[in-house]
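2 protein chains.
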Amino acid sequence: MTDIKELCQRAKAASRKMAVLDPKIKARALKSMAKALIDNSAHIIGENIKDVDRARKNNISKVLIDRLTLDEKRIKAMAASLIEISKLKDPIGEVLEIRRRPNSLLIKKVRVPIGVILCIYESRPNVTSDCVGLSLKSGNCVILRGGSDAINSNTAIFEALNGEALKNDIPEGAITMIKDTDRSVVNDLLAQEGLIDLVMPRGGESLIREVTDNSKIPVIKHYKGVCHTYVDGSADLNMAMRICYNAKVQRPGVCNAMETMLVNKKIAQKFLPSMIKQLKDAGVEIRGCGETIRIVPGINKASEEDWYAEYLDLILSVRVVNDLDEAIEHIMKYGSYHSDAIITKDKKAAEKFLNNVDSACVYVNASTRFTDGGEFGKGAEIGISTDKIHARGPVGVEELTSYKYVIYGKGQIRK
Amino acid sequence: MTDIKELCQRAKAASRKMAVLDPKIKARALKSMAKALIDNSAHIIGENIKDVDRARKNNISKVLIDRLTLDEKRIKAMAASLIEISKLKDPIGEVLEIRRRPNSLLIKKVRVPIGVILCIYESRPNVTSDCVGLSLKSGNCVILRGGSDAINSNTAIFEALNGEALKNDIPEGAITMIKDTDRSVVNDLLAQEGLIDLVMPRGGESLIREVTDNSKIPVIKHYKGVCHTYVDGSADLNMAMRICYNAKVQRPGVCNAMETMLVNKKIAQKFLPSMIKQLKDAGVEIRGCGETIRIVPGINKASEEDWYAEYLDLILSVRVVNDLDEAIEHIMKYGSYHSDAIITKDKKAAEKFLNNVDSACVYVNASTRFTDGGEFGKGAEIGISTDKIHARGPVGVEELTSYKYVIYGKGQIRK
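Protein sequence lines correspond, in order, to chains A and B.
Taking the working numbering, the leading residue of the first sequence gets 1, the next gets one more, and so forth.
Taking the working numbering, the leading residue of the second sequence gets 1, the next gets one more, and so forth.
Keep in mind the hints are simulated off the structure, nothing from the lab.
Some hints here could point you the wrong way.
Same chains, same label: a pair holds when it works inside one copy or across any pair of copies.
Unchecked claim - Below, in silico cross-link-like pairs of lysine to aspartate or glutamate (EDC-like), each with a Cα-Cα straight-line distance of 20 Å or less:
#1 Lys352 <-> Glu94
#2 Lys216 <-> Asp71
#3 Lys31 <-> Asp169
#4 Lys17 <-> Asp169
#5 Lys415 <-> Glu205
#6 Lys415 <-> Asp169
#7 Lys24 <-> Glu94
#8 Lys216 <-> Asp188
#9 Lys280 <-> Asp182
#10 Lys17 <-> Asp213
#11 Lys410 <-> Glu351
#12 Lys109 <-> Glu351
#13 Lys17 <-> Glu326
#14 Lys17 <-> Glu329
#15 Lys301 <-> Asp66
#16 Lys12 <-> Glu329
#17 Lys89 <-> Asp346
#18 Lys57 <-> Asp39
#19 Lys280 <-> Asp90
#20 Lys109 <-> Glu94
#21 Lys333 <-> Glu193
All of these numbers come straight from a predicted model, not from anything done at the bench.
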């Protein structure tokens with residue numbers, strides 16, 4: 001406990017230096033850190049193999065092993081993200097708003113870092129590098145608490161990054177890794193109100209729930225991605241087919257993959273048989289409503305729980321709806337407000353969907369798989385928020401900032 | 001418990017209508033509601049007298065009775081705030097950012113309401129009206145939970161406002177008041193995750209602490225205002241005198257009043273005797289550091305606790321510091337990151353102070369008393385945040401919004 005408090009105090013002290021650090025120092029450090037990842041890739045992969053071997057021995061699922069595994073290509077992608085982040089406009093000091101008041105007070109709203117950010121995550125080691133990059137660029141200090149599954153990989157990545165950061169004038173304490181993987185450490189961290197300013201949990205629902213329940217520090221979270229695609233009566237059915245296939249099959253283990261497909265009854269008869277055949281050919285298990293089963297016999301029946309489910313796997317629930325309103329009501333009832341799409345040629349239907357589906361990202365005629373910091377041009381993401389407070393959708397550099405009011409007077413007093 | 005859940009479900013349902021309500025309807029309703037306050041002022045004052053009488057019988061402090069008391073002038077001020085809020089630009093639907101991606105996806109970041117906001121507050125009945133006005137303008141529903149001290153006043157204000165709102169096409173359930181003043185009701189409300197989106201507690205430290213400790217819903221809070229004014233070595237001493245007097249004396253019971261004055265040792269001898277005389281003449285009790293007492297004998301000694309204290313009363317702690325750095329360190333150690341000012345003619349000193357004091361509002365050559373939604377041009381405020389997440393400083397209409405990403409595609413899929 002004392003150690004944790006000390007680490008957090010060191011991070012807090014470093015955060016005051018980070019807040020006023022020259023943007024050039026940050027950009028240069030990030031570039032060098034990207035190079036350090038590449039230079040150390042043999043060592044990082046060696047450490048990663050230890051984690052993957054242990055995971056295999058523990059019979060961990062294929063999807064999780066995929067998340068855990070690093071290779072040259074993935075390390076290059078991590079480095080590329082750091083380079084992209086280094087090139088983004090430095091957000092700190094940006095004047096967001098200027099007001100001149102009738103009493104001639106000049107009020108500037110200026111972007112500032114948040115301070116110390118705690119990232120709690122599970123098995124994807126690239127999160128280590130993304131969190132470090134985004135936190136430094138936004139002038140924050142970061143405390144990393146990765147899962148035990150990836151401890152060797154994370155340690156190797158952290159050491160490469162932190163060593164290079166220190167050589168490049170990033171203050172000591174700006175990047176901290178907690179190597180103790182005991183669960184109780186998380187609660188010790190969540191008690192450091194006043195030292196840690198924000199908690200970003202990233203992982204399965206039970207992790208997020210545990211963090212939210214135990215934290216007095218503000219949390220930006222992302223419970224799950226129960227993403228829908230609604231194929232409207234006026235959809236281009238070939239486009240719908242391509243988009244739905246992509247949203248389900250391209251990478252089923254991630255939060256922006258489609259979990260439920262809603263199909264307007266007008267085109268269900270025409271659309272479902274070939275769509276479902278395509279999905280089945282790709283190994284997708286279909287769980288349908290009564291009408292879906294009537295149209296495509298021989299598939300499993302979806303239960304009430306299926307509509308709420310985030311499968312993160314090659315499973316899809318399918319429902320035929322009467323109209324757009326029913327699709328919207330379904331998404332609002334069962335969805336997780338992450339990413340939802342409508343496929344339609346009807347502009348009015350599109351606008352109604354976009355306005356009334358209260359999700360972080362709403363799409364017309366595109367795959368929900370695009371909800372991603374990189375795809376949004378943010379370089380990377382520290383998480384995808386399904387909250388409405390502070391940040392929504394992919395959390396990048398700008399979302400890791402706050403602001404302060406700087407007020408210039410000439411002796412004004414309040415009457 | 002069932003009742004609370006039902007009320008929240010009604011508010012949640014209404015929030016979907018509020019989110020897409022015509023801006024003209026909101027503006028017109030707010031204007032009519034302002035008129036309704038004036039038209040009902042005799043009744044509101046009559047109900048307020050009941051609260052004030054009971055408070056007097058309970059020997060409640062003068063400062064609290066001042067907060068509680070309503071008169072024609074204060075009701076006019078509440079109505080004027082509603083009018084000012086009605087005239088603000090409607091924030092909903094504002095496009096905050098547009099990105100066109102290389103794959104030609106068009107990503108718009110659009111301002112949306114948060115949803116359902118729970119306001120928990122104590123004895124100031126004008127909070128009822130401010131919360132309603134700001135919430136409606138920002139397209140949110142509001143649940144009001146005022147203190148038992150002001151229950152008659154709050155009920156009268158709520159009835160006037162809600163009656164008029166309903167006549168003006170504001171959806172039923174958009175404004176809810178919880179009349180049950182039992183403390184347990186607060187915990188029932190804080191358990192309504194998924195129905196309530198944001199909690200704004202407004203009141204004393206113990207209330208805020210209780211809400212933060214018990215809420216799983218995000219909270220934007222404001223613990224206390226330990227505001228400092230630092231009189232620099234190069235200050236215009238007449239200006240410093242006017243500003244410090246104003247910051248302490250004009251309304252000592254509010255969060256943006258000065259609680260500690262820091263004085264550079266170079267000008268302490270010249271400044272302190274007449275400054276302290278002026279403050280004492282206004283009835284202010286001074287608690288000084290050793291050096292302050294050496295310069296102005298006969299005043300009380302400040303204890304370590306005094307530097308942390310939010311007096312909300314005619315008491316001031318005074319400390320002589322060696323230089324700007326010591327002033328900054330003092331504020332960072334003992335302050336509450338609310339509002340802090342430097343009085344100086346030295347531009348470099350001003351910039352150093354403004355950059356290094358990590359408070360929501362930092363001033364040069366003005367009174368900290370200006371930290372206020374009205375003074376900032378926001379019409380009113382629903383609270384003043386000392387958090388760094390989501391909103392900082394006065395929380396007005398814009399701060400009560402979130403955003404969503406609306407993405408327009410032409411069949412794009414992820415490669």
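Verification of the supplied hints:
1. Lys352 <-> Glu94: Between. Shortest inter-copy distance 17 Å satisfies the 20 Å Cα cut-off; intra-copy 35 Å does not.
2. Lys216 <-> Asp71: neither (38 Å within a copy, 40 Å between copies)
3. Lys31 <-> Asp169: within (13 Å within a copy, 56 Å between copies)
4. Lys17 <-> Asp169: Result: close within a single copy only, 11 Å intra versus 52 Å inter.
5. Lys415 <-> Glu205: Cα proximity of Lys415 and Glu205: none, with 53 Å in one copy and 27 Å across.
6. Lys415 <-> Asp169: Intra 48 Å, inter 38 Å, cutoff 20 Å: neither.
7. Lys24 <-> Glu94: within (15 Å within a copy, 33 Å between copies)
8. Lys216 <-> Asp188: Classified as both; 11 Å inside a copy, 19 Å across copies.
9. Lys280 <-> Asp182: neither (42 Å within a copy, 57 Å between copies)
10. Lys17 <-> Asp213: Neither way: Lys17 and Asp213 sit 32 Å apart in one copy and 31 Å across, limit 20 Å.
11. Lys410 <-> Glu351: Between copies, since 15 Å is at most 20 Å while 49 Å is not.
12. Lys109 <-> Glu351: The answer is between: 15 Å across copies meets 20 Å, while 33 Å in one copy does not.
13. Lys17 <-> Glu326: between (53 Å within a copy, 16 Å between copies)
14. Lys17 <-> Glu329: Classified as between: cross-chain Cα gap 13 Å, same-chain 49 Å, threshold 20 Å.
15. Lys301 <-> Asp66: neither (29 Å within a copy, 65 Å between copies)
16. Lys12 <-> Glu329: Between copies, since 14 Å is at most 20 Å while 45 Å is not.
17. Lys89 <-> Asp346: neither (38 Å within a copy, 31 Å between copies)
18. Lys57 <-> Asp39: neither (30 Å within a copy, 76 Å between copies)
19. Lys280 <-> Asp90: neither (47 Å within a copy, 49 Å between copies)
20. Lys109 <-> Glu94: Cα proximity of Lys109 and Glu94: in one copy and across copies (8 Å, 19 Å).
21. Lys333 <-> Glu193: between (35 Å within a copy, 15 Å between copies)
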